[in-house]
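Colleague: Keeping their order, the protein sequence lines are chains E, D and L.
For the first sequence, full-length UniProt numbering assigns the number 1 to the initial residue and increments by one for each residue that follows.
For the second sequence, full-length UniProt numbering assigns the number 1 to the initial residue and increments by one for each residue that follows.
For the third sequence, full-length UniProt numbering assigns the number 1 to the initial residue and increments by one for each residue that follows.
In case anyone wonders, no lab produced these hints; they're calculated from the structure.
Per the computed footprint, the stretches of chain L lying under chain E, defined by three or more beta-carbons under 8 Å from a beta-carbon of chain E, are:
#: 1; region: 93 to 99
#: 2; region: 102 to 111
#: 3; region: 119 to 132
The C-beta atom is built at its ideal place from N, Cα and C for all residues, glycine as well.
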Amino acid sequence: MTATATRRTRPSPPPEPAAAPDRARRRDAGKLLLILGGTVLSALALVVSVTIGTVGIGFLDVVEAVRLRIFGGTLEADFAQAYAVITELRLPRVLLAFIAGAALSVSGVLMQGLLRNPLVSPFTLGVSPAAAFGAALVITLAGTNQLSPWATIGGALVTSLAVSAFVLVLASVRRMAVATLLLLGIALTQIFEALTSALQFTASENTLQAIVRWTFGSVNDATWTDVQIVGAVVLLALPVTLWFSKDLNAVAFAGDDAARSFGVNVGVLRVGLIGLAVVLAAVVVSFCGIIGFVGLVGPHIARLVIGADHRHLLPFAALSGGLLLLVADAVGRTVIAPAVVPVGIVVAFIGGPMFVYLILTRKNALK
Amino acid sequence: MSLSVTDLTFRYGRRQILDEVTFDVASGQFCALLGPNGSGKSTLVKAIAGVHRPASGTVTVDGTDTATLGRREHARVVGYVPQHGDAPFDLTVREAVVLGRTPHFGLAPTTQDWAMVEDAIERMGLGDLAERSMSELSGGQAQRALIARALAQDTRVLLLDEPTSALDLRYQIETLQLVRQITREQGISALIAIHDLNHAARYCDQVVVLHGGHILTDGTPQEALDAPTLRDVYEVDVEVHLREGVVEVRPRIDEHGYTLTGSQIGSLADAHVAFDPADEPVGARR
Amino acid sequence: MTAARRSALLAVPVAAMTLAACGEVTPEAGGAEAQTITVTDDQDREVTIEGPVDRAVVINSYGNEFVRAIGAGDTVVGVDRTSLDRLPYLPVEDDAIVAEGLDQLNYEAIAELDPDVVVLPRNAVWQEAEQQLSGFDIPVVVATAWDAHAVEETVTLLGEVFGAQEGAQEVLDFESEIRSVLDERLADVEPRSVYLETVDPYLTVLPGSGFHDMIEDAGGTNVFADASGGDAQEELTVDPAEVVLREPELVLHEFEPSAEPNDRFAAVRDDLASRPGWGGLDAVAEDRVAVANGWATSALGKSIGALYLATWLHPEEMAGVDPDSYLERWVTEFQDTELTSADDYVQGPGA
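Throw the hints in and build the complete structure from the sequences for me.
Modeller: Printed below as a string of structure tokens:
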């Protein structure tokens, strides 16, 4: 509005040799290509993982089932069984695994960027255990496991938002270092796991299994409703995070003061995006239970491949997190087939060692 | 008059940090902001940079009150170089410098943004390091990258918060000369919070001494740096000389090689009057 | 708002529409008319099954025991691994396993087995199973065979589900035969105190559990009858000192059910005898310690266990009653398998 007053005395930008900016643009294009490639790979992986399982289903069966599901048609009797397995069981579960992984990974990227620490994740800040406790509390208070999913989701959301608000307010009031914040997160994780165990201990046999279900991540009960709700949340959140990705860059790479000097409203950005990160994590926990490490390892893999720039990191982390959970679920379905190992357990086997590796290789990560 | 600060007051809670600070920095001028630890230097720089909101007072750039600008507009007018920029994530010099374009582009940097980035990188002599990771740079190189970032921001005012404190002598001098050169070439107003009085005297056009949130002196290095003021402000017994047209500040030592500091200065202040003016160094006039 | 940012927002509704896309699918007509069975299950759910059931997936070993007891064991085509581990005599192979335990059921494996019904206890993931199997029209019946309070209901329910009402009645008759022996013989006995622990050291049982009732049915009193705060099964890990203080006249340790005889008895006895403070317990010093395999003593709603316990607590009143013969009948007539020797499963005091 006051551009006239601040007009530069220096003439327009320097007549720069075009080579260097071109290189920068090419690299940007290269990263877009990586994201595109990752998307194609994810789509393929989704289809392949639909073919994996106890019942023999081929690639073409999947294509046919998807065609029927989307465009309609006559279901032949000898294809009915395969069609039902694909559309009722496998598609919802692989999609839910992928979307949940994407949500957790994006949540991890947001938290890591905004708190400026690559070891932060929804799990290490106590958000996921709090969400599980919230769901368990609702189940216990209602005394039944036949609740509408909204009640448990609400319980998970309310407790996890409250806990993260508590952590972040405390962190800003006491001017905590991130290391302190992480320790606080560990303490809260322990507290909420103990509280959930206490609820389990006193649970009736009807509610017990409903509570236990939250404590380890599983997509064994995936339905299309789950896919639609979690998917809608992710699809709404991702463009929002992309919208603020350059502001996120400023905070993550330059710090609060410098980011403010770049015109970023740091306070609002931090509260808003951490709120979003918590919602993403809490929604996933409320549908799939606690799935650790994806929020930590997904972003890290993405950063190794595509770099730290959040404009590319956010979409790529969604893909890497999604793929990680997709693969973990495929492994869980095959390793002791026909029995199923919950995806949360499989991913811990992959993510745990990676986390240790991260800690050992990043000496100054806890500044 | 490019940068103009008028009656700027800032409080942390009930603690008054800045008390009606008023000074101007003309276009093309490189101004040093001096003062001991806790004098409010950093706060003043951040208040002008828009990092902190002042309680009252105005900051104008080329006659425009910056309080009337939106965040992004403000960021296109005033640039800021922090003391250090430790990024917890690995990014290249180019990625670090393009952050300075944040207030200029929408979702992605345009060709023009990249051109400005390359220009800033070249001017800070980082051309060969553009693809290097920030964590591989030396302290001086990293500081230059931060200044390149502020250059890429393309502002009328450049604020630097003790950018030389962690650097060795060579990089201190190189940084100061670079900023001075940019200031003159582009006709911007630069304000640097700095500890080294002699560097300030040698490389800056103007010196502002801040003490307890007040401005004590403001003028050319010769005008602003006088021994009694510096003794009061830093509580160190100093003498000020003019050598080859440049002011030099040195701690005064007695025959045992000892310099009076802190409360010891009080006794000196009384004795001060008794000094023979002939012994008094040139710069030490009131 | 820049163009790039605007297009980013546009992606939302487009993607949302893709997600919701869904075509009309008409299944090809087929399938013959079948008789339908409607039952009300353990959770008061009304379930309609297309019968007669000749293929069933039964989760939980007690459920499998009951299904076998009513004579429908040959319909079982799918089980959980725990059931097969405990009951190797089930007529299925490893490829019939559809889960490890009570959750993480492999629904597509179940669907592939194409059962007429899936039977689960109430502590399994039956809601989830109902929802996931609805697409395959496979009905889910909740029947909780481990619940000793619900033996009659459960057996009757399973009898209806499998069209084996006669077999169910035989099971119930057998159980009431045992109950009547106990009622007759123990009408006027002085109850004697019992400390019963299951599976883990100091994991004892509280009122409300089947084990507590088993003690009372056998003319005993549970030394922890006044305790509370148990878990879902009304089981509670107690302070070791409390066990000693309460001076039970008999100690019974029941370990996990296993139809395969195992040789844990000596180890369990050694462990019991060597527990701190237990040397002073009269029950231990005088060897009034019993160790049992849950497959025997928890069978048929723990009625066989009650029979054994009664003979140990009140040998005079129970004179002439041989619990081994009842176990043998349960195993050979109702489980249709061999019993090597009752001693392989139950070792009473002084054994």
